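J.: Sequence:
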Amino acid sequence: DPGSGGESPTSCHDSRGGPERYGSNQGDGPFVGRGDGLRHRNPAEYNCPQVRMPNLAYLSLGSNIGDRDGHLRDAIARLAAEGRVVAVSSFYETEPVEVTDQAWFLNCAVALETTDTPEGLMAALLKIEREMGRQRVQRKGPRTIDLDILLFGDAIVDSSDLTIPHPALHRRRFVLAPL
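Just so we're aligned, residue 1 is where the sequence shown starts under the numbering used here, counting upward by one.
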C-alpha cells in the first residue's frame, strides 16, 4: 500500500536488503552522491525481478490430414502453454497452394500474447508440430498441422530460419481470410 510504509509483494530491494526509498540522495535512494553531482546507481544493485512485456503474435494454423478440426483445436490448446490465446478466428476451408494434388486445408488464425522472442516462439511452434506428428516429407505437401508466425508485434525478422512478417502473408487466402 503506497504511503503506508509497508512493502508490497512486488517491491524492489536494494542490495543492502532494505526496501528502496526515493527522495533522498544520501545513498539510500536511486541516486548516489551529496546532492551536488547526482549520479544514478548501478541497476545491478537492485534485486528487482526482470519483467518482459508481452508481444502480440498472429499465427496461422492449418491442417489437411485426418481430423483437421481436431488438429486445429489441439494445436490451439497447446499454444496456451506458450502464452495467452487472445483470439481465434473462425475456421476456413481453403485450397492447397503450389502442390495442388492433395486434400483441402482447414485454416484459422490465432492472436497469441507471449513474452517469448520470435525465435523462441518459432522453436515452440516447431516442437508442437513434431509432437502432433508433423512429418516434413514433401515441401508444401500434406500435413497434420502447420503453424506459422504471420506477425510478431512490430518486429521485422529476416534470417535464414525465420522471416517476419510472413513472406506470403499478402498472397495467401488461407492467411488473409482468417485475419
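Hints are computed from structural coordinates only; laboratory data are not their basis.
One or more of the hints may lead you astray.
[Stated by the list, open to error] Derived Cβ-Cβ restraints for the label pairs, each shown as a range:
{"#": "1", "residue 1": "157", "residue 2": "130", "range": "16 to 24 Å"}
{"#": "2", "residue 1": "52", "residue 2": "140", "range": "30 to 38 Å"}
{"#": "3", "residue 1": "153", "residue 2": "103", "range": "14 to 22 Å"}
{"#": "4", "residue 1": "80", "residue 2": "138", "range": "25 to 33 Å"}
{"#": "5", "residue 1": "54", "residue 2": "93", "range": "27 to 35 Å"}
{"#": "6", "residue 1": "154", "residue 2": "66", "range": "33 to 41 Å"}
{"#": "7", "residue 1": "100", "residue 2": "53", "range": "13 to 21 Å"}
{"#": "8", "residue 1": "80", "residue 2": "155", "range": "27 to 35 Å"}
{"#": "9", "residue 1": "85", "residue 2": "133", "range": "32 to 40 Å"}
{"#": "10", "residue 1": "54", "residue 2": "95", "range": "18 to 26 Å"}
{"#": "11", "residue 1": "56", "residue 2": "102", "range": "28 to 36 Å"}
{"#": "12", "residue 1": "102", "residue 2": "153", "range": "18 to 26 Å"}
{"#": "13", "residue 1": "156", "residue 2": "123", "range": "13 to 21 Å"}
[Stated by the list, open to error] The list that follows gives simulated cross-link-like pairs (lysine to any residue, SDA-like), each with its CA atoms no further than 20 Å apart:
{"#": "14", "residue 1": "127", "residue 2": "148"}
{"#": "15", "residue 1": "127", "residue 2": "95"}
{"#": "16", "residue 1": "140", "residue 2": "54"}
{"#": "17", "residue 1": "140", "residue 2": "111"}
{"#": "18", "residue 1": "140", "residue 2": "167"}
{"#": "19", "residue 1": "140", "residue 2": "120"}
{"#": "20", "residue 1": "127", "residue 2": "104"}
{"#": "21", "residue 1": "140", "residue 2": "117"}
A quick note: this is a predicted structure, and the numbers were derived from the prediction, not measured.
We put the CB at the ideal spot given by N, CA and C, even for glycine.
J.: Taking the hints in turn, state whether each one holds.
T.: How the hints compare with the structure:
1. 157 / 130: 16 to 24 Å: Because 22 Å falls inside the window, the suggested range holds.
2. 52 / 140: 30 to 38 Å: Hint holds: Cβ distance 35 Å, inside 30 to 38 Å.
3. 153 / 103: 14 to 22 Å: The hinted range 14 to 22 Å is violated for residue 153 and residue 103, with Cβ atoms some 34 Å apart.
4. 80 / 138: 25 to 33 Å: 30 Å, holds
5. 54 / 93: 27 to 35 Å: 32 Å, holds
6. 154 / 66: 33 to 41 Å: 36 Å, holds
7. 100 / 53: 13 to 21 Å: 42 Å, violated
8. 80 / 155: 27 to 35 Å: 22 Å Cβ-Cβ, so the 27 to 35 Å window is violated.
9. 85 / 133: 32 to 40 Å: 22 Å, violated
10. 54 / 95: 18 to 26 Å: 35 Å, violated
11. 56 / 102: 28 to 36 Å: The hinted range 28 to 36 Å holds for residue 56 and residue 102, with Cβ atoms some 32 Å apart.
12. 102 / 153: 18 to 26 Å: 33 Å, violated
13. 156 / 123: 13 to 21 Å: At 19 Å between Cβs, range holds.
14. 127 / 148: Holds, at roughly 12 Å.
15. 127 / 95: 26 Å, violated
16. 140 / 54: 31 Å, violated
17. 140 / 111: 24 Å, violated
18. 140 / 167: 15 Å, holds
19. 140 / 120: Outside the cut-off at roughly 23 Å; violated.
20. 127 / 104: 24 Å, violated
21. 140 / 117: 26 Å, violated
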